[in-house]
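There are 2 protein chains.
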Amino acid sequence: MRATGIVVEYNPFHNGHQYHASEAKKIANADICIAVMSGSFLQRGEPAVVDKWTRAKMALNAGVDIVIELPYVYSTAQARQFASGSISLLHAIGCESVVFGSENGDIAPFSHTHHLISTYKDAYEAHIHEAIQQGMSYPQALQQAYQHILQFATEPTVDLAQPNNILGYHYVEAAHHLAITPLTIPRIAAQYHDQALAHDSIASATAIRKALFETNDLQSIEAFVPASTYDALCEWQTHSTFIQWQTLWPLLQHTILQKTPQQLTQYVDVSEGIENAFIKAAKTSFSFAEFMQKVKSKRYTWTRLQRMLTHIYTGYTKDLQAQFSAPTYIRLLGVTKQGQLFLGQQKKTLPLPLISRVASSNDPMLKFDLQAANVYDAAANMTRTEPRLNVDYTTPPLRIY
Amino acid sequence: MRATGIVVEYNPFHNGHQYHASEAKKIANADICIAVMSGSFLQRGEPAVVDKWTRAKMALNAGVDIVIELPYVYSTAQARQFASGSISLLHAIGCESVVFGSENGDIAPFSHTHHLISTYKDAYEAHIHEAIQQGMSYPQALQQAYQHILQFATEPTVDLAQPNNILGYHYVEAAHHLAITPLTIPRIAAQYHDQALAHDSIASATAIRKALFETNDLQSIEAFVPASTYDALCEWQTHSTFIQWQTLWPLLQHTILQKTPQQLTQYVDVSEGIENAFIKAAKTSFSFAEFMQKVKSKRYTWTRLQRMLTHIYTGYTKDLQAQFSAPTYIRLLGVTKQGQLFLGQQKKTLPLPLISRVASSNDPMLKFDLQAANVYDAAANMTRTEPRLNVDYTTPPLRIY
Chain A
1 MRATGIVVEY
11 NPFHNGHQYH
21 ASEAKKIANA
31 DICIAVMSGS
41 FLQRGEPAVV
51 DKWTRAKMAL
61 NAGVDIVIEL
71 PYVYSTAQAR
81 QFASGSISLL
91 HAIGCESVVF
101 GSENGDIAPF
111 SHTHHLISTY
121 KDAYEAHIHE
131 AIQQGMSYPQ
141 ALQQAYQHIL
151 QFATEPTVDL
161 AQPNNILGYH
171 YVEAAHHLAI
181 TPLTIPRIAA
191 QYHDQALAHD
201 SIASATAIRK
211 ALFETNDLQS
221 IEAFVPASTY
231 DALCEWQTHS
241 TFIQWQTLWP
251 LLQHTILQKT
261 PQQLTQYVDV
271 SEGIENAFIK
281 AAKTSFSFAE
291 FMQKVKSKRY
301 TWTRLQRMLT
311 HIYTGYTKDL
321 QAQFSAPTYI
331 RLLGVTKQGQ
341 LFLGQQKKTL
351 PLPLISRVAS
361 SNDPMLKFDL
371 QAANVYDAAA
381 NMTRTEPRLN
391 VDYTTPPLRI
401 Y
Chain B
1 MRATGIVVEY
11 NPFHNGHQYH
21 ASEAKKIANA
31 DICIAVMSGS
41 FLQRGEPAVV
51 DKWTRAKMAL
61 NAGVDIVIEL
71 PYVYSTAQAR
81 QFASGSISLL
91 HAIGCESVVF
101 GSENGDIAPF
111 SHTHHLISTY
121 KDAYEAHIHE
131 AIQQGMSYPQ
141 ALQQAYQHIL
151 QFATEPTVDL
161 AQPNNILGYH
171 YVEAAHHLAI
181 TPLTIPRIAA
191 QYHDQALAHD
201 SIASATAIRK
211 ALFETNDLQS
221 IEAFVPASTY
231 DALCEWQTHS
241 TFIQWQTLWP
251 LLQHTILQKT
261 PQQLTQYVDV
271 SEGIENAFIK
281 AAKTSFSFAE
291 FMQKVKSKRY
301 TWTRLQRMLT
311 HIYTGYTKDL
321 QAQFSAPTYI
331 RLLGVTKQGQ
341 LFLGQQKKTL
351 PLPLISRVAS
361 SNDPMLKFDL
371 QAANVYDAAA
381 NMTRTEPRLN
391 VDYTTPPLRI
401 Y
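Just so you know, the sequences run in chain order A and B.
The opening position of the first sequence corresponds to residue 1 in my numbering, with each subsequent residue numbered one higher.
The opening position of the second sequence corresponds to residue 1 in my numbering, with each subsequent residue numbered one higher.
Treat the hints with care, as some may be off.
Which copy? The list can't say, so a pair holds if one copy fits it or any two copies do.
[To be verified] Below, computed lysine to aspartate or glutamate pairings styled on DMTMM-like, alpha-carbon distance capped at 25 Å:
| hint | residue 1 | residue 2 |
| --- | --- | --- |
| 1 | LYS296 | GLU23 |
| 2 | LYS280 | GLU386 |
| 3 | LYS347 | ASP159 |
| 4 | LYS280 | ASP363 |
| 5 | LYS348 | GLU173 |
| 6 | LYS337 | GLU125 |
| 7 | LYS298 | GLU386 |
| 8 | LYS348 | ASP200 |
| 9 | LYS283 | ASP363 |
In case anyone wonders, no lab produced these hints; they're calculated from the structure.
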């Protein structure tokens with residue numbers, strides 16, 4: 001059996017994702033598709049709209065054969081680390097290829113970009129360093145450095161001003177290091193940041209979340225998600241609200257208010273005085289939106305601020321981060337029958353332990369995933385009549401046969 | 001003008017407290033009565049039922065002339081430190097005496113007890129140390145050591161098995177060191193721990209809180225509090241709920257869940273493995289009551305556990321504690337006209353700064369009081385339609401003229 005891999009957040013799963021999984025198998029000529037999915041917190045520094053189990057179930061019901069969890073350490077990191085963790089895990093579980101969506105569905109410009117940047121690595125990195133020293137945000141610095149070396153390009157490259165292209169580039173870079181084949185398919189219709197529910201059956205996850213939060217009416221998004229996803233969202237809604245930063249706000253505010261500026265700098269990415277701004281804003285803000293209005297500045301992107309707040313919320317300290325490098329386990333969230341067959345075939349040659357029951361592991365990176373899941377549920381529980389406790393510890397992998 | 005001092009929590013203020021303030025002035029032959037009152041968190045390791053401003057107002061409307069705040073550092077400490085901080089502040093503001101309630105209203109047995117313990121200090125402390133090493137709780141150890149030296153008593157002493165006597169003893173001890181006269185008046189009717197609303201007009205604060213939490217019906221406690229207190233409680237109820245540990249529970253649970261055992265031991269009093277029990281119980285408890293059931297043991301009194309949790313909740317670390325020794329300021333919460341006259345008389349000779357506006361101070365002990373107030377409000381705000389933010393920073397002392 002041959003497997004291809006995809007890197008996903010499924011926040012929530014929608015028709016575009018179903019198309020992606022199905023096309024991935026075709027273009028890669030694979031029997032199964034394996035998704036490495038972020039757990040409780042996502043790359044833009046946000047909590048997932050519903051928990052990892054609900055999102056894994058959606059995927060397994062709509063064309064994905066295996067869902068493994070991208071550890072928190074990578075799922076909330078910058079593009080390079082996010083991609084490197086994801087691709088390592090797909091490689092470790094036995095994917096021969098990784099398929100990502102792109103504007104044109106052409107892998108060549110990504111490969112050329114990778115070749116160009118590899119060739120002019122020193123100049124490129126010196127430029128990034130300099131631009132950040134000048135107070136530029138990381139994505140801006142990346143882009144300016146890239147513009148500088150573009151003069152040496154002899155073949156078409158990709159526009160790294162697009163967030164999705166940055167991720168795609170890093171997938172290709174990571175795939176290159178690990179000898180896994182990078183492939184791309186054209187993204188259909190909706191753009192990542194599109195907020196309207198325009199197209200007949202395809203909408204961005206952003207637009208779907210917006211509809212969920214604003215109307216709380218699932219019918220408005222029914223056309224854009226598979227029936228099984230719709231059912232899973234309905235089930236979630238019977239006992240919980242859809243989770244966003246505002247849901248976490250009382251807990252985040254308390255966490256900030258009970259710390260000195262110095263204590264806040266123990267968390268990953270928090271430094272350079274932003275800790276003072278956080279405390280000042282927490283003292284005077286009634287909501288997460290108001291808090292963000294008060295702390296945003298040219299120096300930091302919205303995403304970077306949200307990532308810092310995610311780390312403060314979950315308790316991800318610089319000391320913890322320093323312990324982690326490459327992924328040390330493959331956490332199985334769920335399988336289909338086909339997925340199970342593939343795992344049976346791979347089992348004996350996996351380079352990392354495959355974790356089905358977390359109680360059996362003492363891996364510190366995994367322990368932090370459980371901590372992130374518990375503090376995610378702590379927020380969800382405030383709105384539940386029947387709180388869910390320690391869910392990750394007691395839930396076995398889903399089997400959708 | 002002559003002032004006498006009283007040490008109070010007013011959780012909430014009731015008729016017994018009014019009697020105490022009025023009798024204190026008589027027995028001390030004083031013109032005014034000054035209360036040093038705990039702020040947001042109390043000696044048993046609990047949040048106050050209503051905030052410090054509401055409690056100060058109750059007192060100023062019912063016979064107390066000046067209310068100053070007992071800093072968090074003392075208000076949540078063991079009897080000795082609680083008493084020493086309280087008496088120092090009453091001494092600093094110019095009280096010639098301190099009046100506390102006791103069973104018999106006779107100061108002699110307290111003085112004899114103090115004399116006895118001072119005389120046999122070394123043996124007494126060696127016994128306490130040994131008993132704690134054997135796993136006894138602090139109050140138990142104190143009592144056993146005391147039993148041991150009682151054989152040398154030549155005059156009547158007090159029973160240190162009673163919590164109120166332990167506090168009284170420590171008041172006398174602290175007063176002795178500071179040359180302030182300790183006085184006592186008989187406590188009327190209700191005992192500290194009485195839970196029923198029995199007597200015609202006197203009930204313990206414990207019984208009143210119980211009624212507030214259980215019935216949420218203020219009429220049931222109307223007979224036991226002054227009219228001004230009743231009004232203040234009614235006003236509080238229009239915008240907030242009465243605060244108890246359960247109100248803080250989601251925030252406490254999140255705080256524990258986002259920490260490693262090692263990180264939890266940075267908080268005052270948390271050590272010896274109780275940190276592991278806290279994390280384990282936080283993962284599986286639906287309420288504060290359930291959590292406490294899971295962590296309680298013979299080794300720790302309920303109060304001691306609650307104090308640890310208070311320190312975790314507020315962020316009171318051992319590093320912070322190490323910075324603090326004697327009180328460094330007098331924080332004014334409110335005055336009557338008589339109180340204001342007294343302050344005018346004292347102003348130039350006060351040994352500590354009198355703080356009316358916290359914005360003007362950088363005192364780290366005071367900063368921590370503001371932090372404690374903010375995290376207290378963070379819990380109260382979860383139940384309010386209009387949150388109150390940074391109240392201590394913006395509220396000037398009350399003037400009840």
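Hint check:
{"no.": "1", "hint": "LYS296 with GLU23", "verdict": "neither (39 Å within a copy, 57 Å between copies)"}
{"no.": "2", "hint": "LYS280 with GLU386", "verdict": "between (35 Å within a copy, 19 Å between copies)"}
{"no.": "3", "hint": "LYS347 with ASP159", "verdict": "neither (40 Å within a copy, 70 Å between copies)"}
{"no.": "4", "hint": "LYS280 with ASP363", "verdict": "between (37 Å within a copy, 17 Å between copies)"}
{"no.": "5", "hint": "LYS348 with GLU173", "verdict": "neither (28 Å within a copy, 72 Å between copies)"}
{"no.": "6", "hint": "LYS337 with GLU125", "verdict": "neither (46 Å within a copy, 70 Å between copies)"}
{"no.": "7", "hint": "LYS298 with GLU386", "verdict": "neither (42 Å within a copy, 31 Å between copies)"}
{"no.": "8", "hint": "LYS348 with ASP200", "verdict": "neither (45 Å within a copy, 79 Å between copies)"}
{"no.": "9", "hint": "LYS283 with ASP363", "verdict": "between (37 Å within a copy, 18 Å between copies)"}
Going through the hint list in order, the structure does not satisfy hints 1, 3, 5, 6, 7, 8.
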